[in-house]
Amino acid sequence: MTARIGVVTFPGSLDDRDALRAVRLAGAEPVALWHREKDLQQVDGVVLPGGFSYGDYLRCGAISRFSPIMEMIIEGAKEGLPVLGICNGFQILCESHLLPGALTRNDHLHFICRDQKLRVENNSTAWTSSYEKGQEITVPLKNGEGGYIADERTLDMLEAEGRVVARYLELNPNGSRRDIAGVSNAAGNVVGLMPHPEHAVEPLTGPTTEGLGFFTSILKQLVNV
Amino acid sequence: MARVVVDVMLKPEILDPQGQAVSRALVRLGFDGISDVRQGKRFELEVEGPVDDDALGRIHKIAESFLANTVIEDFTVRVENGDAS
Amino acid sequence: MARVVVDVMLKPEILDPQGQAVSRALVRLGFDGISDVRQGKRFELEVEGPVDDDALGRIHKIAESFLANTVIEDFTVRVENGDAS
Amino acid sequence: MILDTTEHAAKTPDTPLPWAELGLKPDEYERVVEILGRRPTGAELAMYSVMWSEHCSYKSSKVHLRQFGEKAPASDTMLVGIGENAGVVDVGQGYAVTFKIESHNHPSYIEPYQGAATGVGGIVRDILAMGARPVAVMDPLRFGAADHPDTRRVLPGVVAGIGGYGNCLGLPNIGGEVVFDPCYQGNPLVNALCVGVMRHEDIHLAKASGTGNKVILYGARTGGDGIGGVSVLASETFDSTGPAKRPAVQVGDPFQEKLLIECTLEVFAEKLVVGIQDLGGAGLSCATSELASAGSGGMRVELDTVPLRDSSLSPEEILMSESQERMCAIVEPGHVDRFMEICEKWDVIATVIGEVTDGERLEIYWHGEQIVDVPPRTVAHEGPVYQRPYARPDWQDALQADDPSKLARPAGGDELRAAVLALVSSPNQASKAWITGQYDRYVLGNTVLAQPEDSGMIRIDEETNLGVAVATDGNGRFAKLDPYTGAQLALAEAFRNVAATGARPLAVSDCLNFGSPEDPAVMWQFAEATRGLADGCLALGTPVTGGNVSLYNQTGDTAIHPTPVVAVLGVIDDVTRRTPIAFAEQGQLVYLLGETRDEFGGSAWAQVAHDHLGGLPPAVDLEREKLLAEILISGSRDGMIDAAHDLSDGGLVQALAESCLRGGNGARIVVPDGVDAFTLLFSESAGRAVVAVPRSEELRFTDMCGARGLPATRIGVVDGDALDVQGEFTLPLTELLAAHEATLPAIIA
Ligand SMILES: Nc1ncnc2c1ncn2[C@@H]1O[C@H](COP(=O)(O)OP(=O)(O)O)[C@@H](O)[C@H]1O
Ligand SMILES: [Mg+2]
Chain A
1 MTARIGVVTF PGSLDDRDAL RAVRLAGAEP VALWHREKDL QQVDGVVLPG GFSYGDYLRC
61 GAISRFSPIM EMIIEGAKEG LPVLGICNGF QILCESHLLP GALTRNDHLH FICRDQKLRV
121 ENNSTAWTSS YEKGQEITVP LKNGEGGYIA DERTLDMLEA EGRVVARYLE LNPNGSRRDI
181 AGVSNAAGNV VGLMPHPEHA VEPLTGPTTE GLGFFTSILK QLVNV
Chain B
226 MARVVVDVML KPEILDPQGQ AVSRALVRLG FDGISDVRQG KRFELEVEGP VDDDALGRIH
286 KIAESFLANT VIEDFTVRVE NGDAS
Chain C
311 MARVVVDVML KPEILDPQGQ AVSRALVRLG FDGISDVRQG KRFELEVEGP VDDDALGRIH
371 KIAESFLANT VIEDFTVRVE NGDAS
Chain D
396 MILDTTEHAA KTPDTPLPWA ELGLKPDEYE RVVEILGRRP TGAELAMYSV MWSEHCSYKS
456 SKVHLRQFGE KAPASDTMLV GIGENAGVVD VGQGYAVTFK IESHNHPSYI EPYQGAATGV
516 GGIVRDILAM GARPVAVMDP LRFGAADHPD TRRVLPGVVA GIGGYGNCLG LPNIGGEVVF
576 DPCYQGNPLV NALCVGVMRH EDIHLAKASG TGNKVILYGA RTGGDGIGGV SVLASETFDS
636 TGPAKRPAVQ VGDPFQEKLL IECTLEVFAE KLVVGIQDLG GAGLSCATSE LASAGSGGMR
696 VELDTVPLRD SSLSPEEILM SESQERMCAI VEPGHVDRFM EICEKWDVIA TVIGEVTDGE
756 RLEIYWHGEQ IVDVPPRTVA HEGPVYQRPY ARPDWQDALQ ADDPSKLARP AGGDELRAAV
816 LALVSSPNQA SKAWITGQYD RYVLGNTVLA QPEDSGMIRI DEETNLGVAV ATDGNGRFAK
876 LDPYTGAQLA LAEAFRNVAA TGARPLAVSD CLNFGSPEDP AVMWQFAEAT RGLADGCLAL
936 GTPVTGGNVS LYNQTGDTAI HPTPVVAVLG VIDDVTRRTP IAFAEQGQLV YLLGETRDEF
996 GGSAWAQVAH DHLGGLPPAV DLEREKLLAE ILISGSRDGM IDAAHDLSDG GLVQALAESC
1056 LRGGNGARIV VPDGVDAFTL LFSESAGRAV VAVPRSEELR FTDMCGARGL PATRIGVVDG
1116 DALDVQGEFT LPLTELLAAH EATLPAIIA
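Chains as they are written, first to last, in the numbering used here: chain A, 1 to 225; chain B, 226 to 310; chain C, 311 to 395; chain D, 396 to 1144.
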């Protein structure tokens, strides 16, 4: 029995099929979840994929956060359910207050799509254990509102508790505070990440395959449990 | 230093996808009694010197040529007198 | 039918790249005398029924929990009385 | 105001109608009266006037477009040809691919963001309406002079609009073009292409058949968007008359369109629709009349059931509204409930607005009263056809006589070096990364190649690695010098670009952007270009499957350069064998394929160095193009080449610079004996490509070229970190990169 990883489709989700593919390539069983259902189908972990849920209208993630499935995910996350929010998923996690801070308009005001170098700062979360601490990886990044902000106290706390999961290297693509590309909750089961590891899982279609580690990490963790 | 506010809203006949999305979400969230929502932009301009007719005239021009896209948007200019709830 | 306006602005301590871009552009375009610009959102809500304290209370809640992200934004709620320049 | 019913119209023959204001010519109006046997109602007039506009009826272009059918090469891959929303091509393994290119030029000048955004939205719905899942978009663009202040308004808006819409839909942008020329100053060209994939059995057509079947309108509510926009915006000469007279523009809602796509695909999957049509130009007028015209019976529509955004709209306005993100489906009564359920699942509003009748008329009712009663074919398919007069312009000879041979050419290494830097940093040849970096090229996870590669390539089957490649090209400067040859050069270039990536070219779509058809000189350009394209497609064996014509692209009396933009679609059996442009490995041998002649008419060099346009464009040899394509495809399939880049604007040196920069490797180039370095580097002779060959494959590769008679010249080796033309100059990649990348950000920011 391998792990079952759910990927939620909200209206306007775009990278849901890519996330399902990444789960499959990592060797786990992908399970499609629908935003209106209050049923997590006994998955062992959940990915909130990228996209423009509800058109990113109002604020990115602000409307999705109130969907029926998010009630279940918020509840589950508090009890340790592993949750990875990628890009729009990260925004939803912040709007849900499962992660601190917020994501704002890129400082240069443009959508940006590029191959982004990152450093994995924390390899003890549910989603990063396949990486070495400090490992440098390159995965696609694409967002219009990816600037991570939080007040100084929160940022200091995140640093002190090792909750900065990944940091931008070479170029900060969106004005994120302290080059933060991803953060986790205190327990480490909930991770939000602005770049897109699910687009770096095949040599043919991605710049590298270095994104696969996020998906193998969760599998490893679940199988070891 | 005075503050002048420029409100920019889509013209009534123009589709407002954002307002509609908010409107629909309110219904889903169980907030009744709001029949329509429109979403626009609010600019707060800090003006140096007196906000006389001349200054307002210039701001009007800024709004018209730059802050609003008058092909699809209307705007209003007003001096803020500090009341807010 | 009454209109209630909710203005949402980034908190003063939060960087506002859009406002800054406007600010810089104004200088480039030769509009002087504007020392700072901040850009936010304006929501116009059409309210069915009377806009009493109860209704305003509910709108306050909508603004707080939904229209604004209070981690980074402040908001104000006011009833519009139809004045515009 | 009393309702102008058909009954009322019959009784009041003398009521004056604003047919002239709506763009109908006197004889056209007469014909409407003749068809109906009475004066039209206001609603009927609205329908005829939009549907008979240039944009919808192709009245000036039709007689020329016929050649695409008449001269179509025999092709066993074409499943659906010209006449439907988009053509469909068989790519094997049971898959079919549909693609089409369309213009949204005039709206994008007025409101760049929304104009471009709704251009993307419109073409995506065309592809969806064929039954396909849209899988990629491309955006060939033309702007005015790079340093003109208005370009700063138009370009960022257009780019943000294309990105804003396409990114939000989740469609990777895999290519396009960005060209600057003063001729597009008041008339930018915003063309958009979409590719879609389906199984053969999923092909859908726009026709209403089956008496009693329901007509369902679904998607966005109908508002006052772009009313009359189709005739006013796209068919009359556009001169900017200030804000007051600007017509309403449409605002797009890509989120709504994303829901529409998913909802429609689910409806297709359950086989719930008999016929389907997107709503684009001319809105409901177009959709109802086209569906009814192509179908078997008639149609009856209750117009007052249409969900409105603005309750004050009149029936005429509802019929003309161009509100975006709407579709119209014909559904058997037994499937209506399920159809509605799926729409509800996706939060899409759906309404039964009518049904297919056993009559022959399109009848439209407003609160029970008949306001339209017309034979649908006369609206949709039997509009006016014009034989517009055309004549070779009197300035054409002088233009062609103004030969570039008199232009001063760089002499010596230093001057050549400076000319290379000027070329690679000129707006048309500079890196477009500032623009393409705003487009998502990764979404859907099947992008094998995207800009700046020669063509975009999409994997369509994860198991078998079947894929398709698409390239779009057009060169208005060449077409201005000679529209016949210019159109063929555009075709040849797109064909070559597809082959360069290893894909086999199969089919063509085109967007013909021209000035006013009422100008005989423009009409001549149009006639020549379509003739050139049709002849070219026949020679290359790639049928035209569909396209779009955009006329009246001019400011005052000045037309844009004739700009046929050609898209070629190819298939590749194994996408892992694709050939990128990058020189990825040092030591590989650089070969130039094809022949270089002294051809500088319309060249990038002539433009950059001398701001010159004159002479003749490069000669076209389509047999040579076919041979080159075969070599490139075989080379890719059999692993003989690791990189290939087609030669076009800027010639060899531009291609070398791009391949070096893409791979992060330099190249040492040796100018063969007896060859003039300048001509070798800058000429724009067609039918050429540069390839990188692994040393172990050299013999096999040159044998193949030799056996098939394609000239292949070894010109150097991938080496070092500079573009080094031996004996002439050395350009470190860092310097080349800086020159190439700095231009666009500096122009726009
Ligand atoms: N330049 C062209 N070349 C080939 N076919 C064309 C061209 N222009 C238009 N067509 C075809 O004519 C038909 C009508 O075109 P159009 O009105 O653009 O379609 P739609 O109504 O779907 O927008 C389509 O099948 C289109 O492909
Ligand atoms: Mg169509």
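Fair warning: there could be bad hints in the mix.
[Unchecked claim] Short, incomplete list of chain A residues facing chain B, as computed with Cβ under 8 Å:
| id | residue |
| --- | --- |
| 1 | V31 |
| 2 | Y54 |
| 3 | G55 |
| 4 | Y57 |
| 5 | I63 |
| 6 | F66 |
Because the hints were derived from the structure by calculation, they are not lab data. None of the values given here were measured: they were computed from a predicted structure. Where is the CB? At the ideal position from N, CA and C, for every residue including glycine.
Here is how each hint holds up against the structure:
Because the closest C-beta pair between A/V31 and chain B is about 25 Å apart, greater than 8 Å, the hint is violated. This hint holds: A/Y54 has a C-beta 5 Å from the nearest C-beta of chain B, less than the 8 Å allowed. Hint status for A/G55: holds, given a least beta-carbon distance of 6 Å to chain B, under 8 Å. Residue-level restraint check for A/Y57 holds (minimum Cβ-Cβ distance to chain B is 4 Å; threshold 8 Å).
Proximity of A/I63 to chain B holds as hinted, the smallest CB-CB distance being about 5 Å (cut-off 8 Å). Annotation: interface hint on A/F66 holds; nearest CB of chain B at approximately 6 Å, less than 8 Å.
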